[in-house]
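I would like the entire structure built from these sequences, with the hints used as guidance.
262 is the number that the numbering used here gives to position 253 of the sequence shown; each next residue is one higher, with no gaps.
Keep in mind the hints are simulated off the structure, nothing from the lab.
A few of these clues could be false.
[What the hints assert, rightly or not] No farther apart than 27 angstroms at their CA atoms in a straight line, the calculated lysine-lysine pairs in the DSS-like style are these:
id, residue 1, residue 2
1, Lys159, Lys265
2, Lys265, Lys163
3, Lys312, Lys228
4, Lys312, Lys328
5, Lys228, Lys98
6, Lys316, Lys359
7, Lys316, Lys294
8, Lys306, Lys265
9, Lys154, Lys265
10, Lys117, Lys228
11, Lys159, Lys103
12, Lys163, Lys228
13, Lys328, Lys294
14, Lys316, Lys328
15, Lys154, Lys76
16, Lys103, Lys228
17, Lys103, Lys265
18, Lys312, Lys342
19, Lys265, Lys312
20, Lys342, Lys316
21, Lys316, Lys306
22, Lys98, Lys154
23, Lys359, Lys306
24, Lys159, Lys228
25, Lys98, Lys117
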Amino acid sequence: MISIRTLVSPQRSRLPKRLLIFRLLRFLNKMPSSCSVWRIAAIVGCVFLKSTGSLSAQELSESVLTKVRSATVEVHFHGQLRGGGVFVKSSDGKEFVLTAAHLFPSPKDTCTVVASDDEVLFATLTAYDLGHDLALLEVGPEASKYGALKIASKTPQETEPIFNFGPALRRRTLVLSGNVADSRTCYTDFSASEGYIEHYFAGGINPVLTSGGTWVNRKGEIVGVQHGRLIGDEGAPSSGLSMVSPPAAISNLIEKRAVASTPSIGGYVWEVWTADRQLLSRLPKGIHGVVASPIFKGRPLDKAGIKNSDVIVSCDGSKIRRRHELLEAIRSKPPGTTFTLEVISPGSGKRRTVYLTTDTLEALWQ
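Here you go:
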């Protein structure tokens with residue numbers, strides 16, 4: 010006869026509950042009829058306690074929760090809460106706070122960070138990367154008592170559960186769960202810098218004031234920083250998609266501790282098939298490329314002679330179908346590089362060649 014110890018052993022408890030229940034019923038069927046009800050109830054309780062003892066993929070262990078909460082901070086400007094952040098440490102042991110650059114009204118601003126025990130620490134902006142919307146804040150040695158989180162070695166894969174820690178909706182640090190929706194490199198127009206942010210997508214609830222908050226994996230490693238959310242349909246404040254910076258960009262900023270130099274085109278581009286019917290009717294049938302709109306005056310697209318709603322169809326001889334193809338080419342070279350673009354204007358149908366020289370996002374932030 011199968012024993013109670015065997016039935017509820019750790020090895021057996023990893024089996025699906027349905028199979029555990031089946032084995033329990035078979036076991037009970039072999040027991041003498043004189044067996045008391047309380048004994049049966051005890052067995053059932055043991056089975057369910059054992060079978061639910063492990064964490065699900067959507068849960069964090071108590072030790073990880075404690076560690077991450079301790080390292081999490083609020084970022085305040087002039088006494089006002091603006092977002093979240095987290096303590097990190099460079100390879101030489103220096104402590105910093107990692108947050109989102111767009112929290113800063115100006116790179117000249119100073120701020121305070123409020124630690125998990127409500128202690129207030131002064132912080133200064135020491136490095137930033139607008140192409141990933143990242144900021145690194147220098148803090149005093151007293152920050153070491155809160156612990157620092159490690160950076161994950163790579164971007165998590167699609168569907169992997171990740172967790173955001175931040176002062177959402179002006180509350181104390183909340184833990185919001187999500188999943189990676191697209192681990193590929195994505196580019197989204199970012200009004201805070203009038204440029205593009207490079208990121209991956211996470212799906213989940215993302216209310217206001219989560220910006221700057223850290224995303225971690227189940228080990229408590231940083232897998233990104235929260236930057237913003239895509240706007241949903243008309244009347245919906247959010248689509249449920251968050252823009253999250255990749256861990257490689259975070260590690261790079263922490264180790265270099267310098268202002269980045271991000272190439273920029275001075276405007277935004279959109280795939281042709283996202284245009285309205287009126288514009289599409291003025292373009293050649295079957296055209297592929299990206300529509301430039303808006304274009305910022307005095308910036309690279311404008312200086313190159315590209316007009317609003319012009320379609321960029323190639324870059325340095327390579328066909329362009331999607332925005333990431335153009336932006337990956339732009340960011341593969343340092344600022345000041347000149348690119349050869351082929352452009353078609355609405356109503357024309359003729360290709361013309363223009364030369365675009367990139368500028369630098371960080372040089373424009375004052």
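Going down the list of hints, with the structure as the test:
For the given pair, lysine 159 sits about 16 angstroms from lysine 265 by alpha-carbon distance, which is consistent with the 27 angstroms threshold. The straight-line distance between the Cα atoms of lysine 265 and lysine 163 is roughly 18 angstroms, inside the 27 angstroms bound, and the hint therefore holds. The suggested pairing of lysine 312 with lysine 228 is violated, with an alpha-carbon distance near 48 angstroms, which exceeds 27 angstroms. Restraint check for lysine 312 and lysine 328: satisfied, since their Cα atoms lie roughly 22 angstroms apart, inside the 27 angstroms limit.
Of the supplied pair hints, the one linking lysine 228 and lysine 98 holds, its CA atoms being roughly 17 angstroms apart against a limit of 27 angstroms. In summary, the hint linking lysine 316 to lysine 359 is supported, as the alpha carbons are separated by about 14 angstroms, within the 27 angstroms threshold. For the hint linking lysine 316 to lysine 294, the alpha-carbon distance of about 20 angstroms falls within 27 angstroms, and the restraint holds. Restraint check: the Cα-Cα separation between lysine 306 and lysine 265 comes to about 32 angstroms, which exceeds 27 angstroms; the hinted pair is violated.
In summary, the hint linking lysine 154 to lysine 265 is supported, as the alpha carbons are separated by about 24 angstroms, within the 27 angstroms threshold. At roughly 35 angstroms between alpha-carbon atoms, lysine 117 and lysine 228 are farther apart than 27 angstroms, so this suggested pair is violated. Between lysine 159 and lysine 103 the CA atoms are separated by roughly 13 angstroms; this keeps the pair inside 27 angstroms, and the hint holds. Note on lysine 163 and lysine 228: the hinted pairing holds, with a Cα-Cα distance of about 13 angstroms set against a maximum of 27 angstroms.
Restraint check: the Cα-Cα separation between lysine 328 and lysine 294 comes to about 16 angstroms, which is no more than 27 angstroms; the hinted pair holds. Under the criterion of a C-alpha separation no larger than 27 angstroms, the hint pairing lysine 316 with lysine 328 is consistent with the structure, at around 20 angstroms. Annotation: proposed proximity of lysine 154 to lysine 76 holds, straight-line Cα distance about 11 angstroms (limit 27 angstroms). Among the hinted pairs, lysine 103 with lysine 228 is consistent with the structure: their alpha-carbon atoms are about 22 angstroms apart, no more than 27 angstroms.
For the proposed pair lysine 103 and lysine 265, the alpha carbon gap of about 12 angstroms is at most 27 angstroms, so the pair holds. Proposed proximity of lysine 312 and lysine 342 is supported: the alpha carbons are some 19 angstroms apart, at most 27 angstroms. With a C-alpha separation of about 32 angstroms, the suggested pairing of lysine 265 with lysine 312 is violated against the 27 angstroms cut-off. For a cut-off of 27 angstroms, the pair hint linking lysine 342 to lysine 316 stands: about 24 angstroms separates their Cα positions.
For the proposed pair lysine 316 and lysine 306, the alpha carbon gap of about 10 angstroms is at most 27 angstroms, so the pair holds. This hinted pair checks out: lysine 98 and lysine 154 have alpha carbons roughly 12 angstroms apart, not beyond 27 angstroms. For the suggested pair lysine 359 and lysine 306, the alpha carbons sit about 24 angstroms apart, so the restraint of at most 27 angstroms is met. Of the pairs offered as hints, the one joining lysine 159 and lysine 228 holds, with about 10 angstroms between alpha carbons and a cut-off of 27 angstroms not exceeded.
Distance restraint check for lysine 98 and lysine 117: the Cα-Cα separation of roughly 23 angstroms lies within the 27 angstroms cut-off, and the hinted pair is therefore satisfied.
Taken one by one, the earlier hints fail for this structure at numbers 3, 8, 10 and 19, listed in ascending order.
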